[in-house]
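A.B. asks: Below, each chain spelled out in residue letters.
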Amino acid sequence: MKRIFFLDGSGPPFGHMLLALGGYLGGFDGNFLWNRIGAEYSSNVPVWSLRLLPALAGALSVPMAYQILWELRFSHCAAMGAALLMLIENALITQSRLMLLESVLIFFNLLAVLSYLKFSNCQKHRPFSPSWWFWLVLTGVACSCAVGIKYMGVFTYLLVLGVAAVHAWHLIGDQTLSNVCVLCHLLARAVALLVIPVIMYLLFFYVHLVLLCRSGPHDQIMSSAFQASLEGGLARITQGQPLEVAYGSQVTLRNVFGKPVPCWLHSHQNTYPMIYENGRGSSHQQQVTCYPFKDVNNWWIVKDPGRHQLVVNDPPRPVRHGDVVQLVHGMTTRFLNTHDVAAPLSPHSQEVSCYVDYNISMPAQNLWRLEIVNRESSTDVWKTILSEVRFVHVNTSAILKLSGAHLPDWGFWQLEVVGEKLSPGYHESMVWNVEEHRYGKSQEQKEREVELHSPTQMDLSRNLSFMARFSELQWRMLTVRSDDSEHKYSSTPLDWVTLDTNIAYWLHPTTSAQIHLLGNIVIWASASLATVVYTLLLFWYLLRRRRNICDLPEDSWLRWVLAGALCAGGWAVNYLPFFMMEKTLFLYHYLPALTFQILLLPVVLQHVSDHLCRSQLQRSLFRALVVAWYSCAWHVSNTLCPLTYGDKSLSPSELRALRWKDSWDILIRKH
Amino acid sequence: MLCATSRLLAATALPAQPRGRGPAPRCRRRELHFPGHPELPLCDFLTGQLVRPSVPAGRRAILRRGRMPPAVGRGLAGSELRPRRGCCGPQAARALGPDVATEAAARSLKRPAPGSRRFEAAARWALLALVTLLSFATRFHRLDEPPHICWDETHFGKMGSYYINRTFFFDVHPPLGKMLIGLAGYLSGYDGTFLFQKPGDKYEHHNYMGMRGFCAFLGSLLVPFAYLTVLELSRSLPAALLSAALLTFDTGCLTLSQYILLDPILMFFIMAAMLSMVKYNSCADRPFSAPWWFWLSLTGVNLAGALGVKFVGLFVILQVGWNTVSDLWHLFGDLSLSLVTVGKHLTARILCLIVLPLALYTATYAVHFMVLNKSGPGDGFFSSAFQARLSGNNLHNASVPEHLAYGSVITVKNLRMAIGYLHSHRHLYPEGVGARQQQVTTYLHKDYNNLWIIKKHNTNSDPLDPSFPVEFVRHGDIIRLEHKETSRNLHSHYHEAPLTRKHYQVTGYGINGTGDSNDFWRIEVVNRKFGNRIKVLRSRIRFIHLVTGCVLGSSGKVLPKWGWEQLEVTCTPYLKETLNSIWNVEDHINPKLPNISLDVLQPSFPEILLESHMVMIRGNNGLKPKDNEFTSKPWHWPINYQGLRFSGINDTDFRVYLLGNPVVWWLNLLSIALYLLSGSIIAVAVQRGAHLPAEVEGLSQVLLRGGGQLLLGWTLHYFPFFLMGRILYFHHYFPAMLFSSMLTGVLWDTLLRLCAWSLSSSSLARGVHVVGILSLLLGTAYSFYLFHPLAYGMVGPLAQDPRSPMAGLRWLESWDF
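So the sequences go chain by chain: A and B.
When you line the first sequence up against my numbering, it's residues 1 to 671, in that order.
When you line the second sequence up against my numbering, it's residues 1 to 817, in that order.
Just chain A, with the same shape it has in the complex (with noise of 0.2 Å):
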C-alpha cells in the first residue's frame, strides 16, 4: 500500500494486491496501523471499499454453487438446495463480511471447478469452439488466481489437473479420434492449465515487486543483494560505495544464512572467560561474536599480510579468490583468529578470537583463503554485496562459521562464531557477503575511527534481475518459519469436522456484541455425516460392479463418480493435508474443504431419493424429511445470527443459551 516491502508466510501477493486494489480505489492513503484487534478505524479508512472485495467474492459463490451441481448434470432441485446451503452457512457469512481472503480464495476454487466441468462439457460435442477455449483458459487463470491468493489454493489446482489428467487420459485411448487431434488437445490443455497458470503467478510476483520498492520490516530477512535493490533502507547506504573489495578496505560482513537471526561479525574488548561454567578453559582472548544489529564494532579491515598499511593503495588492489588476507578488527586493532581451543558452547569446533599475545606459546594463526563461494556467477574479484565468500584458515583449515548458539551473559547474549573443522561441506552458515564497505585512507587509529568516505561508483539495483529476485522471495517464504506458538484461539484439524471451536473476531468495546466465527452446526454434521455415506456407497458400487452387477445405468454412475471426485475429493485435498502441517492453524483453514463438502450434499440427498427410495411413498417421505431438515439449518443459522453479524448485543443468560457446546469460547462480560 505504501509501497513498503514486506513478507508473508501464509501466500503470495495477489490476495493482499486485491485488498489493496480495493482501498486503492475507496482512496484509502495508507496510513492506518493495523496493530491491534477491535481498534476503531479512523475516519481516512474506506472500510467499505476494503471489505467490498471478500464480501463480493463470497456472494458470488452462492450462485457458483448452483452452477457447478447444474453443470455436473443433477436437477434443478438440487442445485438450489447446494445454493440454499451455502446462503445460511454462518461461517462463510462472517468470512466474507471481513476484510480476509479466505472468500476470494474458495471464490477461485469454485470457479476454477466450474469453469473445468463447462469446458469438459463442451469437450463432447463442439471441442475448439470458442467457448471451449474461453473456458479453459478461464480455468487455468482461476487456478493460478487461488494459488496467487494462499497456498492453500495449491490443493484446488491438482485436484483440477488430476480430473484433467484422467480426462486426457481417456481422450488418448479414444481411437476415433486421428493422432493429430489428439496431440492438439494435449497441448491445448497443457498451454491452459500449466503454462498459463505459472506465467500469472510470475506475474502476480513482478507487479508486488514493482509496487514495493521501498525497504520494510521484512528486510532483515533477504540477503544483502536483495535489500540492496530496495528503495531506502540499505540502499541508501550502499549506494555509491566502492564495488570491488581491496586490500585496505573497511568492511562489515554479514552471515548469509540469516538463522536465528541475520548478524554481522563483531568483535569487542571484552574476552572469553578464562574457565567456562561447565570447566573447560578459554584461551582468554578478545571475544569474536555475530551481533543482530548494527554496530561500529562490526567493521572490520581486510589486510594484506605481507605489507602493514591499513589504507587503500591508489590505484587499489582488488582481492581475489584463493587470496590469503588478514581480517583486522577496526576499533581495536586485533587480528581474526583461530587455534585449536574447543569453542565455547561448541566444543567440536575451533574457537575463534582476536588475538591478543599473552606470550605464552600460543602463536598467532591468523591467516585466511578468501574462497569465493558464487564465483561462477561473479567474477574472480571479491565484490561487495555481490560475492559470498568463506574464510578457511591457513593452518587448519577450519572455516569461520556462526553456529547458532547464544553466548551467556559474559558474551551479552551474542551468536557464538566458530571455526569448523569437521565438515567442510557447504552450508550457509559459513558464509558471509560484505554489507557496508568503504576504502581506509588513514593510517592513524584515531583518524580511522571517525573516517566517512564515501567514493561514488556504481548503482547496484539494477544488478538483480527480476528472475532472481522472484527466485529468491519465494525460496524465502516458503522456508520463513512463523513460530510455533499456540494461540488462544488455534485448533486441530480434529476439531474442525465437529465444530468444537470457534474464533472470536471482535467484541463490542461496551456492549457485548460480538463476531465469531461460528459454521452453522447442522450443515457441518449433515456435510460430514453426507461424506461418509458417499464414501460406504462408492465403495459399495464399486465392489458389486467388480462382481459385474450393476446398480446404477452408466450415465448415472458416471456422474455420480465425477460428482464425487470434485466435490468429496475437493474436501478430501483441502482438509487432509493439514493433518501433515506443523503451523499454527485455525478453524477458517476448513472453510474451502467445508463448501466443496456443502456441493456434496445435495449430491448424496438427490441419489438417494432417485436411486434408493424404491416406491413413491418413500419419496415423498423422504422429501419431507429434507425440507424439514432444511428449516431446522435455517432456524439454527437465525438463531446464531447475532454472532456471525455482531450487530445486536446480547444479555449475557442469551449468551450462555448460545454455548451450546463446552468448548465454545463465547465471551461473556462480568458485570
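Each hint should be verified, as a subset may be incorrect.
To be verified - Pair by pair, the computed Cβ-Cβ distance ranges are:
| no. | chain 1 | residue 1 | chain 2 | residue 2 | range |
| --- | --- | --- | --- | --- | --- |
| 1 | A | Leu-56 | B | Met-614 | 49 to 55 Å |
| 2 | A | Met-580 | B | Tyr-494 | 34 to 40 Å |
| 3 | B | Ser-336 | A | Val-561 | 36 to 42 Å |
| 4 | B | Ser-680 | A | Glu-472 | 32 to 38 Å |
| 5 | A | Ala-188 | B | Ser-763 | 32 to 38 Å |
| 6 | A | Ala-55 | B | Trp-666 | 46 to 52 Å |
| 7 | B | Pro-147 | A | Gly-279 | 32 to 38 Å |
| 8 | B | Pro-430 | A | Arg-280 | 48 to 54 Å |
| 9 | A | Pro-273 | B | Pro-147 | 40 to 46 Å |
Stated by the list, open to error - Straight-line C-alpha distance at most 20 Å; calculated EDC-like pairs for lysine to aspartate or glutamate:
| no. | chain 1 | residue 1 | chain 2 | residue 2 |
| --- | --- | --- | --- | --- |
| 10 | B | Lys-633 | A | Glu-428 |
| 11 | A | Lys-661 | A | Asp-409 |
| 12 | B | Lys-502 | A | Asp-409 |
| 13 | B | Lys-502 | A | Asp-495 |
| 14 | A | Lys-421 | B | Glu-813 |
| 15 | B | Lys-502 | A | Glu-244 |
| 16 | A | Lys-421 | B | Asp-816 |
| 17 | A | Lys-421 | B | Asp-651 |
| 18 | B | Lys-561 | A | Asp-409 |
Since the hints were derived computationally from the structure, they do not count as laboratory data.
Please read all numbers here as calculations on a predicted model, not as lab measurements.
Glycine is no exception: its CB is placed at the ideal position from the N, C-alpha and C atoms.
Following the hints, position chain B against chain A.
C.D. replies: For chain B alone, kept in the frame of chain A given last:
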C-alpha cells in the same frame, strides 16, 4: 522350435498347469506353424536365452517378417507366461478368449526336451552360485579391519552387549536387530564385557568378528536375493546378473554390510520379503498349494522381521500391502471364482500377512522384556510400575518408607507415558517468556535435579530435626515443594505458560525456601477421602495451586533450545481428569521412617508394549536437527552428494568412507529417468491401441509390471523421507538403492533387447545385446576396482594429494576422503 524352447522356459518356471486365469502367450500360436523342430541345447551362459540357432530365412518371414531375433522371443515368452494377474477384469476375459483351446492343444502336443531344461536350470544355478560366491568374497574380505569401533557400532555393539549382560536399555528402534546382534555375539563367544564407548576404541582381545561376520553374512545374501527377484520378475538371466553385479560392486552396500549395524539386517529382511512376495506372486496360479502357503507365510515372517529391526520396515509392508490389495481386487473381479473362494483368499492373506507378522513382532518384544531383566541406563524412560520389574532398580522389591511425611525427599513422576519426572535447574526462563524465573520442566532421565523436599507451607524449620515428631502428609494438606539442589519453591502465577498459552507458567521461586503465597499447593489423592495418608508409588496425586486454583500438569510439548528440549510444565486452569495432571511419588527418602518392602502392581504385557512404543515414538520425534548444523538432505542421496565418515579423519588414520560407487549410483539415477520415459511411451502407445509385435509386447509387459513393482519399491523407500522432521543420514537411502539397482538391471536388459529387436541383422542384434550387457558389467567392475579403498579402508594422504590411493577420484568437491 523357438516356441518349444520358450515353453521350456515356462515349464521350468511353472511346473504345474496354469489355471484359467493364465495368460494367452502369443508364441504358442506361432508354435503351431512349425511344430516338431529339434531343440538346440545352447551353451552360452552369459547371454542366456539370447543365443539363437540360425533360422532358415523363409521361416523368419513367418516370424513377424524376420525382424526379431527369435532368441528374444524365447526370453520373453517366459515373461509372457508369467501369470498375468496384473490385468484381470477385461484383459483376463480377453485372455480367456479363443486362445484357450489352441493353447491346450499345443500343450498336449509337445513335451519339453529334458536335456534343455536341465541345461537351463544348470545355467541358472551356476550363475546363482557364482554371484553368491562373489558377494561373500567381497563382503568377507578384510572384515576384521579396522580393529576398532567404527561409527554407529558404538551404539549397536553396545546394545548387543546389553542383551548378553541382560541389562535394560532404551533405543528408538524396535529390538529385533539388536537381539540378533547380541545372539550372534553370544554364539561366537563374545562375553559382553567390551564397553563400546566411542568410535575409534580398539577391540583388543574382545571377539568382535562374530557380530561383524553375522552382519556381513546377511549383507552378502542381498546379492543372491536381488538376483532371484529380478530373475523372477523379468525371466531374463542377463538382467538378473546385471542387478547382482551392481549390488556386488557398490562400495556403499559393501561398507554398510561390513560393520555391526542394523542396516544389513534391515535390508536383508526387506529383500527377503520382496523375494518371497515375488515368488508367491508366481505361485498365484496354484492357490492353496504347499509352495503358495510357504511363500505367503514367509512373506509375513520377513515383514515382521523388517518392522522388528527398524520402523523403516513399514514401507515394505506398504508395498506388500498394495500388492495384496490389487491381487485381491483382481481375484474379486474374476467372476469364475465364487465368493467363498474369494473369502478363503482373503482369510489366508489376513492370516499370513497381518496376524502372523503381528504375532511375531509381539513375540520379539516378549523376548526382549524377558531377556532384559536387570536395571540399566534405560529405566527412567518408563513408568514406575515398569521399572519395578527390573532387578537392580531401586523399585524392584522396593523398600522405601510407605507413607509420605514432611521433610521427605522425593521424585515425582507424571503418570502419562514418556513424560518423566518433575525437574528444575539453575536456568531461567528467557526474556519474553512469562516471568524471568527458574525453569520447571519434566525430564526423562534420572538426575539429582529431580529431587524435591516436601515442606509445610507455613514454617521453614527443618522437619528432619530429631526433636520434632514425624508428621505425615495427608490428602488435602497445603504443602510447599522445595527443589533440593537450588532451594527454590515450586511456584505458579498468572503469567502464560511458554508453549500452551492458555495455561499458567510454573517456575522455581524464592531464596532458600522463602517465597510467597504463590508457592502453596494443595496435595490431593485421586478418589480418596480427606485426611488419608499418601502412599508412595500407589497413590495417584494431584497438586492444586492454592491461589489460582489451577492443577500442576505437563503438556507433553518439547521446549525450545533454551529449555534443553525438556518438556513443558504448566498449571492448567481447566480441571479435567487427564493423566497429564496426575503424578505419583517414586523415590522417597526419609531417614526417620522405617523402610517397608512394597510390591508394586506389575503391568501387563500389552501395557508394557504400548508404553515402550510411546517412548520410542517420542524418542524418534526428539531427534530433531539443530539450526546451523550440517544435515543430510534427502535430495543429496540419489546423486551421491556426500558420504558418511565411518572411521578416521587425518591422513595417518585408517579411513573408511561410506559412499556409493558413483558409476553405479549415477547409472541408477539415469535409469530411473529412462524408465519413466520409456514406460510412459509404452503406456501411451498401448492406450492409443497401437498394435505391438509380440516380442515388444512381451518386453513392455516386463518393463511395466516387473519394473513397476521395483519403481514402487524405490518410491516407497525414498519419498517418505522428505516428509520426516527427524534428523536424517545418508545410509537411510540404501533400501531404496537396492530397488533402484534392480530396476536398472531390468531396464537395461529390456532396452537392449528392444534395440536388438529393431536391428535387422540377427548377428548384429545379438552382438548389441551381448556387448551392451558385458560393457555394463565390466564398467561397474572396473569402477569398483577404482573405488574399493573407500570400503576396505585406506591409509595415506587425503585425496587432494597426488600420492593418495584416491588421487583424482574426488569427482565431487563435497566428498571428503
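A.B. asks: What hints, given by number in increasing order, does this structure fail?
C.D. replies: Numbers 3, 5, 6, 8, 11, 12, 15, in rising order.
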